[in-house]
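If you want the building blocks of each chain, they are given just below.
Protein chains: 2
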Amino acid sequence: MGREISSNDKCDMSLCPVNKAMEYLSKKWSIEIIRDMFFGKTRFSQFKEDKPKLSNKVLSDCLKHLESKGIIKKRIISDTPTVTEYYLTERGKSLNKVIYELAVFTIDCNDNEEYLDESARMERKKEFREILDIDIE
Amino acid sequence: MGREISSNDKCDMSLCPVNKAMEYLSKKWSIEIIRDMFFGKTRFSQFKEDKPKLSNKVLSDCLKHLESKGIIKKRIISDTPTVTEYYLTERGKSLNKVIYELAVFTIDCNDNEEYLDESARMERKKEFREILDIDIE
DNA sequence: CGGGATCCGGATGGATACTG
DNA sequence: CAGTATCCATCCGGATCCCG
Chain A
1 MGREISSNDK CDMSLCPVNK AMEYLSKKWS IEIIRDMFFG KTRFSQFKED KPKLSNKVLS
61 DCLKHLESKG IIKKRIISDT PTVTEYYLTE RGKSLNKVIY ELAVFTIDCN DNEEYLDESA
121 RMERKKEFRE ILDIDIE
Chain B
1 MGREISSNDK CDMSLCPVNK AMEYLSKKWS IEIIRDMFFG KTRFSQFKED KPKLSNKVLS
61 DCLKHLESKG IIKKRIISDT PTVTEYYLTE RGKSLNKVIY ELAVFTIDCN DNEEYLDESA
121 RMERKKEFRE ILDIDIE
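From first to last, the protein sequence lines stand for chains A and B. Numbered per the numbering used here, the first sequence spans residues 1 to 137. Numbered per the numbering used here, the second sequence spans residues 1 to 137.
Check the hints yourself; a few may be wrong.
Copies of the same chain look alike in the list, so a pair counts if it fits in one copy or across any two.
To be verified - Capping the alpha-carbon separation at 16 Å, the derived lysine to aspartate or glutamate pairs in EDC-like fashion look like this:
#1 K93 to E67
#2 K20 to D108
#3 K51 to D12
#4 K69 to E130
#5 K20 to E114
#6 K126 to E23
#7 K20 to D50
#8 K74 to E118
#9 K126 to D50
#10 K51 to E123
#11 K125 to D50
#12 K53 to D117
#13 K73 to E49
#14 K28 to D133
#15 K48 to E114
#16 K93 to D133
#17 K53 to E23
#18 K74 to D108
#19 K48 to D12
#20 K73 to D135
#21 K93 to D108
#22 K48 to D108
#23 K20 to E118
#24 K51 to E23
#25 K28 to D135
Rather than coming from a laboratory, the hints here were simulated on the basis of the structure. All values reported here derive from a predicted model rather than from experimental measurement.
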């Protein structure tokens, strides 16, 4: 650990930026939907793929919440039939590193489906950096 | 965006490492409790400070869940009175960059309580890197 | 007194059916 | 296709109690 807490540190965590971030992301499906958007998904029905337990109601609520927070933007393509697309705003795109570190956490812990050796893990991370548009530092 | 999705990409997101990470962190208070631990908190009552809406039951459930996932470890210090301390495991500590990027997201979006100029934001991030034990890269 | 467990009402989530 | 309406299940939050 970097340092210990001391009694005269001001430790009012209610102002911590991590809390603020969680206001945006604490809804159960938010992160996965944002991840989907980085992977190129834009449509209501696409977000439901691979998420059998995500209902219309909850997805609808979640999209509205993310839109109200300025993370995503809705664009109506056609009325009949209804075609709507959702995009990440610049602010939404700035979540790329959060998504990346979540992926890296799992990849490095090797609690993925299959075992990955060091070079495979590196490759997997590189794939994510490309998709998430993260520069190698 | 780094690249677009194509129809013959295999896009089964159910295996995505981000999903796996969310199994650990999706509970409403998990991230904030882990953040608290990085800040040096170890006790049941400390986790409740600054979280007036966190009930005993939910905190208790959350700590058990994190322990079952290998993120934290419980240590009994004394029986009478009962004194218990909770610590991050190595695996838990490897969440430091996730926490960091959540903080950076808020700091850079300037949706913090107060407005921060560039140098103040840098300073704030540095504080987090020290607490989270992240090397400047 | 600290670390819980229990109980219960309200909020949130999930499955299905239906509509513009 | 993208939602809404409805109904039920599950989870959360607040109060209270328990136990060493």
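How would you classify K20 and D108 at a CA-CA limit of 16 Å: within, between, both, or neither?
between (27 Å within a copy, 12 Å between copies)
Alpha-carbon proximity between K125 and D50, which holds within one copy, between copies, both or neither at 16 Å:
The answer is neither: 22 Å in one copy and 36 Å across copies each exceed 16 Å.
Reference check for the pair K20 and E114, CA-CA at most 16 Å: within, between, both, or neither?
For K20 and E114, the Cα distance is within 16 Å only across copies (12 Å; inside one copy 35 Å).
Taking 16 Å as the upper bound on the Cα-Cα distance, should K20 and E118 be classified as within, between, both, or neither?
Answer is neither; intra-copy 35 Å and inter-copy 19 Å both fail.
What label fits K93 with D133 when the C-alpha limit is 16 Å: within, between, both, or neither?
Classified as within: same-chain Cα gap 9 Å, cross-chain 26 Å, threshold 16 Å.
Taking 16 Å as the upper bound on the Cα-Cα distance, should K53 and E23 be classified as within, between, both, or neither?
Between copies, since 14 Å is at most 16 Å while 22 Å is not.
Please work out whether the CA atoms of K51 and D12 approach to 16 Å or closer within one copy, between two copies, in both situations, or in neither?
Result: close only across copies, 10 Å inter versus 37 Å intra.
Should K93 paired with E67 be assigned to within, between, both, or neither, using CA atoms and 16 Å as the limit?
Cα proximity of K93 and E67: one copy only (13 Å, versus 32 Å across).
Measure nothing new, just compare the shortest in-copy and cross-copy C-alpha distances for K74 and E118 to 16 Å and report within, between, both or neither.
neither (40 Å within a copy, 31 Å between copies)
If the cutoff is 16 Å on CA atoms, where do K73 and D135 land: within, between, both or neither? Let me know, please.
neither (25 Å within a copy, 35 Å between copies)
Is the C-alpha distance from K73 to E49 at most 16 Å within one copy, between copies, in both cases, or in neither?
Neither, since 20 Å and 36 Å both go past 16 Å.
At most 16 Å between C-alpha atoms: does K20 with D50 qualify within a copy, between copies, both, or neither?
Answer is between; shortest inter-copy Cα gap is 14 Å, intra-copy 29 Å.
Hint check: violations occur at hints 4, 6, 8, 9, 10, 11, 12, 13, 14, 15, 18, 20, 22, 23, 25; the rest are consistent with the structure.
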